[in-house]
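So the sequences go chain by chain: W and Z. Here the working numbering is used: position 101 in the first sequence is 101, and no number is missing along the way. All you need for the working numbering is the position in the second sequence, starting with 1, plus 401.
Hints in this document: simulated from the structure, not taken from any laboratory. Since the structure is predicted, the reported quantities are computational estimates derived from the model, not experimental observations.
Here are the simulated lysine-lysine pairs, DSSO-like style, with alpha carbons at most 30 angstroms apart:
| no. | chain 1 | residue 1 | chain 2 | residue 2 |
| --- | --- | --- | --- | --- |
| 1 | Z | Lys539 | W | Lys319 |
| 2 | Z | Lys539 | W | Lys391 |
| 3 | W | Lys319 | W | Lys391 |
| 4 | Z | Lys626 | Z | Lys586 |
| 5 | Z | Lys615 | Z | Lys485 |
| 6 | W | Lys391 | Z | Lys503 |
| 7 | W | Lys391 | Z | Lys413 |
| 8 | Z | Lys539 | Z | Lys586 |
| 9 | Z | Lys485 | W | Lys391 |
| 10 | Z | Lys406 | Z | Lys560 |
| 11 | Z | Lys560 | W | Lys319 |
| 12 | W | Lys391 | Z | Lys423 |
| 13 | Z | Lys560 | Z | Lys517 |
| 14 | Z | Lys485 | Z | Lys520 |
| 15 | Z | Lys623 | Z | Lys586 |
| 16 | Z | Lys586 | Z | Lys609 |
| 17 | W | Lys18 | Z | Lys503 |
| 18 | W | Lys319 | Z | Lys413 |
| 19 | Z | Lys576 | Z | Lys560 |
| 20 | Z | Lys560 | Z | Lys539 |
| 21 | Z | Lys517 | W | Lys319 |
| 22 | Z | Lys520 | W | Lys319 |
| 23 | Z | Lys503 | W | Lys319 |
| 24 | Z | Lys623 | Z | Lys406 |
| 25 | W | Lys391 | Z | Lys560 |
| 26 | Z | Lys586 | Z | Lys485 |
| 27 | W | Lys319 | Z | Lys485 |
| 28 | W | Lys319 | Z | Lys406 |
| 29 | Z | Lys413 | Z | Lys423 |
| 30 | Z | Lys609 | Z | Lys623 |
| 31 | W | Lys18 | Z | Lys539 |
If we take Cβ atoms under 8 angstroms as the criterion, some of the chain W residues that face chain Z in the derived model are:
| no. | residue |
| --- | --- |
| 32 | Glu5 |
| 33 | Ser12 |
| 34 | Ala16 |
| 35 | Ile311 |
| 36 | Lys313 |
| 37 | Ala314 |
| 38 | Ile315 |
| 39 | Gly316 |
| 40 | Ala317 |
Note that CB positions come from ideal geometry on N, CA and C, so glycine has one too.
Residues per chain are reported as follows:
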Amino acid sequence: MNFIENIRLAFSSIMANKMRSLLTMLGIIIGIAAVVAISAIGNGGKYQIQQSMEQFGTNRLMVYMNWEKQNEITSRDYINERDIEAIKRVEGIEAMTPLFEQWTSIRAENRSIDIVLVGANSDSQIITNVEMLQGRFINQRDIDNYSNHIVISEKEARELFGTVEAIGKNVTLNTNRGSIDFNVVGITTYEENLFSGMMNSGRAQVYIPISTIMRVYNQSLYYGVNLKVTNREDMEIVGQQVVRLLERLHNNENMYTVFNLEEMIQTVNNVTATITSVLGFIAGIALLVGGIGIMNIMLVSVSERIREIGIKKAIGAPKAAILAQFLIESSILSLIGGIIGIIIGFLLGTVASMALNMPPLISIREVVIATILAMLIGIVFGVYPANRAAKLDPIEALRYE
Amino acid sequence: MIDIKEINKIYKTGNIEVHALKDINLQIQEGEFVAITGPSGSGKSTFMNIIGCLDRATSGIYILDDAMIDDLSDNELASIRNEKIGFVFQSFNLLSRTSALKNVELPMMYAGVPRKERKERAMEALRRVGLEDRVDHKPNELSGGQKQRVAVARALVNKPAIILADEPTGNLDSKSTQEVMDLFKSLNEEGATILIVTHEQEIAEQTKRMITFKDGEIIVDKELKREGNI
Numbered sequence: 001m002n003f004i005e006n007i008r009l010a011f012s013s014i015m016a017n018k019m020r021s022l023l024t025m026l027g028i029i030i031g032i033a034a035v036v037a038i039s040a041i042g043n044g045g046k047y048q049i050q051q052s053m054e055q056f057g058t059n060r061l062m063v064y065m066n067w068e069k070q071n072e073i074t075s076r077d078y079i080n081e082r083d084i085e086a087i088k089r090v091e092g093i094e095a096m097t098p099l100f101e102q103w104t105s106i107r108a109e110n111r112s113i114d115i116v117l118v119g120a121n122s123d124s125q126i127i128t129n130v131e132m133l134q135g136r137f138i139n140q141r142d143i144d145n146y147s148n149h150i151v152i153s154e155k156e157a158r159e160l161f162g163t164v165e166a167i168g169k170n171v172t173l174n175t176n177r178g179s180i181d182f183n184v185v186g187i188t189t190y191e192e193n194l195f196s197g198m199m200n201s202g203r204a205q206v207y208i209p210i211s212t213i214m215r216v217y218n219q220s221l222y223y224g225v226n227l228k229v230t231n232r233e234d235m236e237i238v239g240q241q242v243v244r245l246l247e248r249l250h251n252n253e254n255m256y257t258v259f260n261l262e263e264m265i266q267t268v269n270n271v272t273a274t275i276t277s278v279l280g281f282i283a284g285i286a287l288l289v290g291g292i293g294i295m296n297i298m299l300v301s302v303s304e305r306i307r308e309i310g311i312k313k314a315i316g317a318p319k320a321a322i323l324a325q326f327l328i329e330s331s332i333l334s335l336i337g338g339i340i341g342i343i344i345g346f347l348l349g350t351v352a353s354m355a356l357n358m359p360p361l362i363s364i365r366e367v368v369i370a371t372i373l374a375m376l377i378g379i380v381f382g383v384y385p386a387n388r389a390a391k392l393d394p395i396e397a398l399r400y401e
Numbered sequence: 402m403i404d405i406k407e408i409n410k411i412y413k414t415g416n417i418e419v420h421a422l423k424d425i426n427l428q429i430q431e432g433e434f435v436a437i438t439g440p441s442g443s444g445k446s447t448f449m450n451i452i453g454c455l456d457r458a459t460s461g462i463y464i465l466d467d468a469m470i471d472d473l474s475d476n477e478l479a480s481i482r483n484e485k486i487g488f489v490f491q492s493f494n495l496l497s498r499t500s501a502l503k504n505v506e507l508p509m510m511y512a513g514v515p516r517k518e519r520k521e522r523a524m525e526a527l528r529r530v531g532l533e534d535r536v537d538h539k540p541n542e543l544s545g546g547q548k549q550r551v552a553v554a555r556a557l558v559n560k561p562a563i564i565l566a567d568e569p570t571g572n573l574d575s576k577s578t579q580e581v582m583d584l585f586k587s588l589n590e591e592g593a594t595i596l597i598v599t600h601e602q603e604i605a606e607q608t609k610r611m612i613t614f615k616d617g618e619i620i621v622d623k624e625l626k627r628e629g630n631i
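If we strip away everything but chain W, and leave its shape as in the complex, we get (with noise of 0.2 angstroms):
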């Protein structure tokens, strides 16, 4: 009995009893979809945790002032220009950019919007992760020179200029006391991230030199400071080495915190895994109830077809002939099962993913494992009764009514 021919058989069967053929699949398409929808999410979340690290600027260490404490700081506790030098000092630090921000508007073309303006030195871009799409960053000279030079994201260019070509052009800056001409020298790339809704309420960072920053706001005194690690593994050390430094500077404790991304992450790569594994158990639940149906139905299908394996045994089938009968039977129950779970789960993962927020993510090689999975399962629980099929003793089956 060649294999297509079994094939053609099989199909026939299923089709023969559509509905309690989709009943069978159930288990296995809720348990497949399960599988794939649970792993489109999870990849998407992995990719955009990577991707807004990328941005968030891999090794990159923030110590600022401990918030929590805000009614016991003073301005003593705040950091300053001999902190930045010591902590230049610090071993296995590759990058450093004291930390000004401020929150404020800029306009252009009668056009106002929201952004961060973030005091800038040379190595805040290797610490962020910059883009330039156009232009150059904030260099030494515009330092040196309290120059008042603009770096803004594609989206502000788009936004107060209607394109991207904004290298040149003027853009007003509102301070507290008053306006300020900046001229745009670069134009950075600007995507969405986990992180920049959390932290800048969905606003884009712009850049300027550190030190005109401070002298428009008239300040000498920074929140925190920015820092780029050599070593990933170093990340914690050199965190704690920092705070230990400022605090032993400043005679205090608990003044300052350190914010690491790498931790963060940790977490709630943590907090994901938890919650897959808990998905997957239930989907691995689902796709085992699946086939036991599949075992089940298989039974029921044997008993029906007592006489016609009668028949075929007597006119010389083989054991092996019925048993494949059965099990590819069985395997393309699960299988056609298998594919309509993809179909949904696929769907399932990109609604769910578009709620949350995430690219979609799902690769050939989930399919196709989901794929396998679901004919194992079919083979699997197919065996038992493909097994009692072939075991049948042909007189018996013969005389079954």
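Guided by the hints, dock chain Z onto chain W, whose structure is given.
Below, chain Z alone, put in the same frame as chain W:
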């Protein structure tokens, strides 16, 4: 062709033993047309099952077409049934959702005959039984006599050593009965070895040799003269 020596069949059900066949000796030559008769419970069905390689004797020797049947495994028996035996059953035993042509093709599928040859041979067999215009009909679209002719076509398609028919006319009206019997007769004239199990005397009398079973033993084994020819 068929050589049976000292065959016994004993069924055990709990403590009760039923001696269904007792020391049966029998030879059937190629080209014979044999009827096996006897009342129900006489052992003729058991005998038929053993000859058909569906069942094994408890003791004794059965040689079919030079093959020692007693030593064979289940799968070997299956292939003997496939190659050397063509079955015709009282209740037709066709696959109900399958066309006449596919039903006739079935034994060749297990024999591994290529698709194209399978179809040609099945067509030829159906033509032989006079059903060339019914090849695509399913069993429920055929009359009893037509169904049995499909079954005969299926039985002869693998060119078996022997065709075994178990009450082949039991479910047929008299007209269809005669059609099927005429078919068997002409197949026999072409050289086929045919063995019919029946309890109807008129059927048995149309064959060339009548073997009668009673209580697990052969009580009559006689040559018949068929009216008309030979």
